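Colleague: Listed in order, the protein sequences are those of chains U and S. Heads up: the first sequence is residues 21 to 131, going by this note's numbering. Heads up: the second sequence is residues 36 to 146, going by this note's numbering.
Misleading hints may appear alongside valid ones.
Within a straight-line C-alpha distance of at most 25 Å, the following computed SDA-like cross-link-like pairs (lysine to any residue) qualify [claimed, not checked]:
1. Lys104/S to Glu50/S
2. Lys138/S to Gln37/U
3. Lys138/S to Glu72/U
4. Lys77/U to Lys138/S
5. Lys104/S to Ala116/S
6. Lys138/S to Arg127/U
7. Lys61/S to Phe80/U
8. Lys77/U to Ser59/S
9. Lys61/S to Pro59/U
10. Lys61/S to Arg127/U
11. Lys138/S to Ser47/U
12. Lys138/S to Ala22/U
13. Lys104/S to Ile82/S
14. Lys138/S to Gly62/U
15. Lys77/U to His80/S
16. Lys77/U to Ile48/S
Pulled from the structure, derived: some chain S residues nowhere near chain U, Cβ distances all over 12 Å [claimed, not checked]:
17. Leu46
18. Ser47
19. Gln49
20. Gln68
21. His80
22. Arg89
23. Glu90
24. Gly94
25. Arg97
26. Lys104
27. Leu110
28. Asp127
29. Gly137
30. Gly139
Each pair of labels, with its calculated beta carbon distance range [stated by the list, open to error]:
31. Ser59/S to Thr34/U: 27 to 33 Å
32. Ile32/U to Thr99/S: 40 to 46 Å
33. Gly78/U to Asn53/S: 32 to 38 Å
What the hints contain is simulated information worked out from the structure, not anything from laboratory work. Predicted model only: the values in this text are computed from it and were never measured. Glycine included, each C-beta is placed from N, C-alpha and C at the ideal position.
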Amino acid sequence: KAGVTQTPRYLIKTRGQQVTLSCSPISGHRSVSWYQQTPGQGLQFLFEYFSETQRNKGNFPGRFSGRQFSNSRSEMNVSTLELGDSALYLCASSLVDYGYTFGSGTRLTVV
Amino acid sequence: SQQGEEDPQALSIQEGENATMNCSYKTSINNLQWYRQNSGRGLVHLILIRSNEREKHSGRLRVTLDTSKKSSSLLITASRAADTASYFCATDAGGNNRLAFGKGNQVVVIP
Chain U
21 KAGVTQTPRY
31 LIKTRGQQVT
41 LSCSPISGHR
51 SVSWYQQTPG
61 QGLQFLFEYF
71 SETQRNKGNF
81 PGRFSGRQFS
91 NSRSEMNVST
101 LELGDSALYL
111 CASSLVDYGY
121 TFGSGTRLTV
131 V
Chain S
36 SQQGEEDPQA
46 LSIQEGENAT
56 MNCSYKTSIN
66 NLQWYRQNSG
76 RGLVHLILIR
86 SNEREKHSGR
96 LRVTLDTSKK
106 SSSLLITASR
116 AADTASYFCA
126 TDAGGNNRLA
136 FGKGNQVVVI
146 P
């Protein structure tokens, strides 16, 4: 069965712009989570959605937002990009208590 | 605060040897998971151990969990060059569907 699909794989944006990343979970998985990975801070939780509702949110500024659609696909948006937003953004989907399946990530570079 | 902190080691071993890495965490958990990441790509779920389990095996992987010491270990037996990767432990505390990751262990298996 298909895994978690993230698009695009790579993205280069300019400071001040906004960006939208997409994630399609494994069919049947209703929970979708987003993580940011940087060399300095490691893997940090952004937010988690379940049935179109944000259930959990990490300690990120309001410039980071997300949503989930009725087909469980999720998007995250970062507005007013800063250099420090350059990171690998990972999406994961899961069934309860069975571990998470991660996508290959979107590598965002802000210049 | 971040839960799940691996011993900050970079392991370099010969093919065929065993590799052991440790992880400690700070608060009560529902489960602890180990993931592998190759070259900054997506995370691959290796194994999940629940808080009421003490040891779990999956192929060449052996995970132990000591909740009294708030620690876990991952053993990879008979390592292969393909095991070269970063390994992360992650805790799911309180069943709130947010993983707290450690900083990862870099393992290099020399053919």
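Colleague: Are the hints correct? Go through all of them and say.
Modeller: Comparing the hints with the structure gives:
As the CA atoms of Lys104/S and Glu50/S are separated by approximately 31 Å, the hinted pair breaks the 25 Å bound. In summary, the hint linking Lys138/S to Gln37/U is not supported, as the alpha carbons are separated by about 30 Å, beyond the 25 Å threshold. Of the pairs offered as hints, the one joining Lys138/S and Glu72/U is violated, with about 30 Å between alpha carbons and a cut-off of 25 Å exceeded. With a CA separation close to 20 Å, the supplied pair Lys77/U and Lys138/S stays within the 25 Å bound.
Between Lys104/S and Ala116/S the alpha-carbon distance is near 32 Å, which puts this suggested pair outside the 25 Å criterion. Taking the CA atoms of Lys138/S and Arg127/U, the gap is near 19 Å; set against the 25 Å cutoff, the hint holds. The hinted pair formed by Lys61/S and Phe80/U meets the criterion: a straight-line CA distance of about 22 Å does not exceed 25 Å. Taken as a hint, the Lys77/U and Ser59/S pair is honoured in the structure, with Cα atoms around 24 Å apart against an allowance of 25 Å.
About 22 Å separates the Cα atoms of Lys61/S and Pro59/U, which keeps this hinted pair within 25 Å; it holds. Pair hint Lys61/S plus Arg127/U does not hold up; C-alpha atoms about 31 Å apart against a cutoff of 25 Å. With a CA separation close to 30 Å, the supplied pair Lys138/S and Ser47/U exceeds the 25 Å bound. Distance restraint check for Lys138/S and Ala22/U: the Cα-Cα separation of roughly 29 Å exceeds the 25 Å cut-off, and the hinted pair is therefore not satisfied.
Of the supplied pair hints, the one linking Lys104/S and Ile82/S holds, its CA atoms being roughly 20 Å apart against a limit of 25 Å. The suggested pairing of Lys138/S with Gly62/U holds, with an alpha-carbon distance near 6 Å, which does not exceed 25 Å. Proposed proximity of Lys77/U and His80/S is supported: the alpha carbons are some 22 Å apart, at most 25 Å. Restraint check for Lys77/U and Ile48/S: not satisfied, since their Cα atoms lie roughly 39 Å apart, outside the 25 Å limit.
With 12 Å as the threshold on Cβ separation, the claim that Leu46/S sits away from chain U holds: the shortest Cβ distance comes to roughly 18 Å. No Cβ of chain U approaches the Cβ of Ser47/S within 12 Å, the least distance being about 20 Å, so the stated non-interface status holds. At the 12 Å boundary, the C-beta of Gln49/S stays outside the reach of chain U, the nearest C-beta of that chain being 28 Å off. With a closest Cβ-Cβ approach of about 5 Å to chain U, Gln68/S is found to fall inside the 12 Å limit, against its non-interface label.
Not every CB of chain U lies more than 12 Å from the CB of His80/S, the least distance being 4 Å, so the non-interface label is violated. Distance check for Arg89/S against chain U: the nearest CB is about 17 Å away, which clears 12 Å, and the non-interface claim stands. The beta carbon of Glu90/S is kept farther than 12 Å from every beta carbon of chain U, the shortest such distance being approximately 17 Å. The Cβ of Gly94/S sits about 15 Å from the closest Cβ of chain U, beyond the 12 Å cut-off, so the non-interface label holds.
For Arg97/S, the non-interface assignment is confirmed: its Cβ lies about 17 Å from the closest Cβ of chain U, beyond the 12 Å cut-off. Against chain U, the non-interface label of Lys104/S holds: every CB pair exceeds 12 Å, the least being about 23 Å. Here Leu110/S stays apart from chain U, with its beta-carbon at least about 18 Å from theirs, past the 12 Å limit. Non-interface call for Asp127/S relative to chain U: violated, since the shortest CB-CB distance, roughly 8 Å, does not exceed 12 Å.
Non-interface call for Gly137/S relative to chain U: violated, since the shortest CB-CB distance, roughly 8 Å, does not exceed 12 Å. Distance to chain U contradicts Gly139/S as a non-interface residue, since its nearest Cβ pair spans about 7 Å, not more than 12 Å. Range check, Ser59/S to Thr34/U: Cβ separation about 41 Å, and the 27 to 33 Å hint is violated. For Ile32/U and Thr99/S, the hinted distance range of 40 to 46 Å is satisfied, since their beta carbons lie about 43 Å from each other.
Checked against the hint of 32 to 38 Å, the pair Gly78/U and Asn53/S passes, with Cβ atoms roughly 35 Å apart.
Comparing the model with each numbered hint stated earlier shows that hints 1, 2, 3, 5, 10, 11, 12, 16, 20, 21, 28, 29, 30 and 31 do not hold.
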